[in-house]
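What follows is the residue order along each chain.
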Amino acid sequence: MNIMRQLELEHMKSSLPDFGAGDTVDVHYLIKEGEKERVQLFSGTVIAFHGHGISKTFKVRRIVAGEGVERTFALHSSRVADVTVKGRGIIRRAKLYYLREREGKKTRLTRNLGPKKWPRSGAGSGLSDTKASTDAASVE
Amino acid sequence: MTGRNTLGILGKKLGMSQVFLDDGTCVPVTIVQAGPCPVMQVKMVNAAEHPEGHRKASINKGKKSGKHDRARAADGYYAVQVGFDERAARLCSKAELGHAKKSGLDSGLRFIREFRLDKAPTQVPGDSLTVSVFEGISHVDVTGTTKGRGWTGVIKRWNFATQDHTHGNSKVTRRAGGIGRQYNTSHGVPKGKKMGGQYGVEQVTIQKLEVVKTDAERNLLYIRGAVPGHANGYLVITPTVKNEREMSEKPGMAVSNAAAKAMIAKGR
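Heads up: the sequence lines are chains B and V, in that order. So in this note's numbering the end of the first sequence lands on 140, straight run, no missing numbers. So in this note's numbering the end of the second sequence lands on 268, straight run, no missing numbers.
There could be a bad hint or two in this list.
[As the list claims (entries may be wrong)] Partial list, computed: chain V residues near chain B (C-beta under 8 Å):
| # | residue |
| --- | --- |
| 1 | Leu14 |
| 2 | Gly15 |
| 3 | Ser17 |
| 4 | Gln18 |
| 5 | Val19 |
| 6 | Asp22 |
| 7 | Ala88 |
| 8 | Cys92 |
| 9 | Ile179 |
| 10 | Tyr183 |
[Stated by the list, open to error] Partial chain V-side listing against chain B, Cβ under 8 Å, derived:
| # | residue |
| --- | --- |
| 11 | Phe20 |
| 12 | Gly24 |
| 13 | Cys26 |
| 14 | Ile31 |
No lab work stands behind these hints: they were computed from the structure. Note that CB positions come from ideal geometry on N, CA and C, so glycine has one too.
If we strip away everything but chain B, and leave its shape as in the complex, we get (with noise of 0.2 Å):
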């Protein structure tokens, strides 16, 4: 495997809660007040991810008080310490820029109630990369 992709794998998290593009998550992020930690939820709808290997982000938007508010999170930073998924939605392309322009009822997705179907966080997990990696390694 290329050098430095096995060593981004070792700075990235070995496992990922299973997202993607359309689906409505919760963000856990960590924040620090003085010295105390605590968990901040930001709810909100998952509209793109950019970038792969450990620089990958994903963008969530949620509306408060009637206006739009777009937060990019760093996938593997130890920040986000958990992102659970409250619904799926089925989409038919990779960024939601389109809801932007959409306000009320028109910004909901058809909810995706049946089974998978298509691999999820696929393209903005490092899970397949890093099982990969690990065979690899056992190869070696």
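Starting from the known structure of chain B, arrange chain V on it as the hints suggest.
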């Protein structure tokens, strides 16, 4: 190379990535394969200072080996010559192979440099420099060859301002403009006038780059920020010449660096 006479290491830029500190700070890093660098030769002011067994230089021109040794001449300065990155023996010239053989190597090395020293080096040929030379060193200087950009105009090469695209200007937006003088034309164009030309492929030293992490096991250096040149380009890395005084005057900086490093060492 750099102003201060000190040991450094030779390396190869592997590429850029990022690491997260425990407090979530994302640090951009360049990962460098640093050494191990076999010592190929030591240079001494006086010939007598050479370690036993290295006081002779061979001059046997194709004759029986060992028969025509002469005393090694004085080098006049102290230095350690080190190499990095093996070159397959079949690609080496005989001279290269012969030189490498003296330090117990089977094949030549691609990248060979000297580190000038103030005192007689303790290393002998056959020793090896590793990233351990950077123990306790927080900042380094990195020398490399920049990426080639070919023949480049003044806008890119010297950061000249472009001319107007509007206000009646037509066709001339990326030219240098005037280069001479209106009066006293006998002086012509000033010497050293910045113009277009070859840009890149030049030796550049970036000073005072923070060492984020060292991996002694695999001879890796994680250096904060960018270093000159493309991936797989060769680098010379030395402890920084930027004075420590400057850093001790800003104690917060040193502390935060130390804290960051402690976090990384602990966390990962």
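Hint by hint, here is what the structure shows:
1. Because the beta carbon of leucine 14 (chain V) sits about 6 Å from the nearest beta carbon in chain B, less than 8 Å, this interface hint is met.
2. Interface hint at glycine 15 (chain V): satisfied, since its Cβ lies 4 Å from the closest Cβ of chain B, which is below the 8 Å cut-off.
3. At about 5 Å, the closest approach between the beta carbon of serine 17 (chain V) and any beta carbon in chain B falls short of 8 Å, and the interface hint on this residue holds.
4. A least Cβ separation of about 6 Å between glutamine 18 (chain V) and chain B falls short of the 8 Å threshold, and the interface hint therefore holds.
5. With a least beta-carbon distance of about 5 Å to chain B, the hint placing valine 19 (chain V) at the interface is held under the 8 Å criterion.
6. Taking 8 Å as the C-beta cut-off, the interface hint given for aspartate 22 (chain V) holds, the closest approach to chain B being about 6 Å.
7. Violation of the interface hint for alanine 88 (chain V) is found here, the shortest Cβ-Cβ separation to chain B being roughly 20 Å, above the 8 Å cut-off.
8. For cysteine 92 (chain V), the shortest C-beta to C-beta distance to chain B is roughly 25 Å, which exceeds 8 Å, and the interface hint is violated.
9. This hint is violated: isoleucine 179 (chain V) has a C-beta 44 Å from the nearest C-beta of chain B, more than the 8 Å allowed.
10. Restraint check, tyrosine 183 (chain V) versus chain B: the minimum CB separation of about 56 Å is more than 8 Å; hint violated.
11. Residue-level restraint check for phenylalanine 20 (chain V) holds (minimum Cβ-Cβ distance to chain B is 5 Å; threshold 8 Å).
12. Look at glycine 24 (chain V): its Cβ gets to within about 4 Å of chain B, closer than 8 Å, so that hint holds up.
13. Because the closest C-beta pair between cysteine 26 (chain V) and chain B is about 6 Å apart, less than 8 Å, the hint holds.
14. Proximity of isoleucine 31 (chain V) to chain B holds as hinted, the smallest CB-CB distance being about 6 Å (cut-off 8 Å).
The structure is inconsistent with the numbered hints 7, 8, 9 and 10, although it conforms to all the rest.
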